[in-house]
Amino acid sequence: MLFWIATALLTAATAVVLLGPLFRGRTVLVEDAVGEAAVYRDQLRELERDKTLGLIGGEEADYARAEIGRRLLAVSAEAKGTKEPKSGRHLLAQAFIVVSLPAVGLGLYMLTGSPGMPSEPLAARLENPGNNLELLVAKVERHLAQNPDDGAGWDVLAPIYFKMSRYGDAELAYRNAIRLLGQSPERMIGLGETMTAESDGIVTADARSAFEQAVKLGSANPRASFYIALSLEQEGKREEARAAFEALAKASPADAPWLPLVNEHIAANSGAAKPEAPGNPTAADVAAAQGMSTGDRMEMIRGMVAGLDAKLKENPNNFEGWMRLVRSYAMLKEPENAVAALKSGLAAFPAEGQEGQQLIAMARELGLPVEEALK
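Each residue of the sequence shown is one higher than the one before, counting from 0 in numbering that gives the first Met the number 0.
Think of the hints as simulated: they come from the structure by calculation, not from any bench.
We treat Cβ as the ideally placed atom computed from N, Cα and C, and that holds for glycine.
Watch out, some of these pointers could steer you wrong.
Simulated pairs of lysine-lysine, PhoX-like, Cα-Cα distance not exceeding 20 Å [claimed, not checked]: (1) K342 <-> K374; (2) K312 <-> K342; (3) K342 <-> K310; (4) K332 <-> K342; (5) K162 <-> K138; (6) K332 <-> K162.
Beta-carbon label-pair distances, calculated as ranges [as the list claims (entries may be wrong)]: (7) R301 <-> L8: 17 to 25 Å; (8) E238 <-> N314: 19 to 27 Å; (9) Q182 <-> L9: 53 to 61 Å.
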């Protein structure tokens with residue numbers, strides 16, 4: 000009932016606001032006409048004074064008097080014509096506002112709204128959140144505020160926080176779950192991925208330690224091995240990184256969706272004397288990044304990606320560079336730039352070839368709209 004009362008009051012207020020100009024318009028016209036007529040009468044009196052004082056000749060005064068009189072008569076006629084209200088004036092607009100507008104609004108609400116749904120306070124909605132993710136999270140958070148030692152609650156909430164990009168909350172949830180329930184491969188991988196995401200894709204020492212602990216606990220999840228190999232690559236240990244990626248490739252099924260990405264890293268780290276690929280951070284870069292603030296680290300990464308982008312425009316025949324550029328833009332959460340890089344990479348390495356297929360496979364794994372790049 001409260002909803003309908005509020006709706007009726009808002010509708011009435013809106014109608015008053017819309018009807019106001021229709022009723023005021025005629026009054027404004029009359030007042031303007033009367034004021035203008037008073038100005039012309041003052042001009043006539045001033046004209047007579049000027050003639051008496053000899054400031055204006057008789058013939059000129061007659062011409063001026065005739066012109067002012069003509070204007071005065073016209074304004075007076077206009078005022079007389081607008082003083083009498085006309086019953087049909089703005090009738091259609093008034094009828095629409097008073098009748099049709101509320102009727103249309105009510106009809107649309109009945110069609111698209113839920114008039115039969117009973118009102119529920121927040122507490123009741125939290126008890127039955129349905130598929131509303133935010134309400135589900137709020138329900139678990141309220142439960143954990145009252146029961147902070149519920150390890151199962153933290154264990155459920157941690158990956159949800161991660162998917163919502165609430166990395167700080169996710170790390171806290173994972174650490175609480177580990178403290179209360181003990182270490183497990185999935186919890187350690189989740190913690191490592193969260194810390195890596197917090198560091199904008201850089202596998203820190205703490206994150207690597209979490210991944211290594213997951214492997215010690217017997218994890219068969221390839222994510223842990225991949226991030227360990229990636230940390231070696233980021234530290235500039237190319238031989239060790241290549242061996243780690245090769246071991247992961249051998250342990251993976253032939254149709255594994257992550258295999259193209261692993262092969263790309265193997266190619267990038269092949270050859271001890273091979274020069275650093277454009278945009279790849281050196282060991283010094285990684286060491287410097289550890290002590291940077293999040294903003295400074297992001298600026299460093301963006302500068303490296305921009306440099307790689309510029310080099311690829313000059314020399315597009317660099318397959319590894321295109322793989323790295325697409326992945327970097329996706330990691331920076333710039334999907335438009337990632338798709339543009341993918342499109343440019345496919346122009347240099349067509350989709351029909353092996354390199355093009357690897358680019359497409361990696362883009363799909365990153366969740367990019369590959370179809371846009373193929374247009």
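Outcome of the hint check:
At most 20 Å may separate the alpha-carbon atoms for a hinted pair to count; K342 and K374 meet this at roughly 9 Å. With a C-alpha separation of about 12 Å, the suggested pairing of K312 with K342 holds against the 20 Å cut-off. In summary, the hint linking K342 to K310 is supported, as the alpha carbons are separated by about 16 Å, within the 20 Å threshold. Between K332 and K342, the direct Cα distance comes to roughly 17 Å. Compliance with the 20 Å bound is thereby established for this hinted pair.
Only pairs whose Cα atoms come within 20 Å are accepted, and K162 paired with K138 is accepted, the gap being roughly 17 Å. A hinted pair counts as satisfied when its Cα atoms are at most 20 Å apart, and K332 with K162 qualifies at roughly 14 Å. R301 and L8 have their C-beta atoms about 52 Å apart, which leaves the hinted 17 to 25 Å range violated. Distance hint check for E238 and N314: the Cβ-Cβ separation is about 26 Å, which falls inside the suggested range of 19 to 27 Å.
Distance hint for Q182 and L9: a CB-CB separation of about 56 Å, consistent with the stated range 53 to 61 Å.
The structure fails hint 7 only (numbered hints given earlier).
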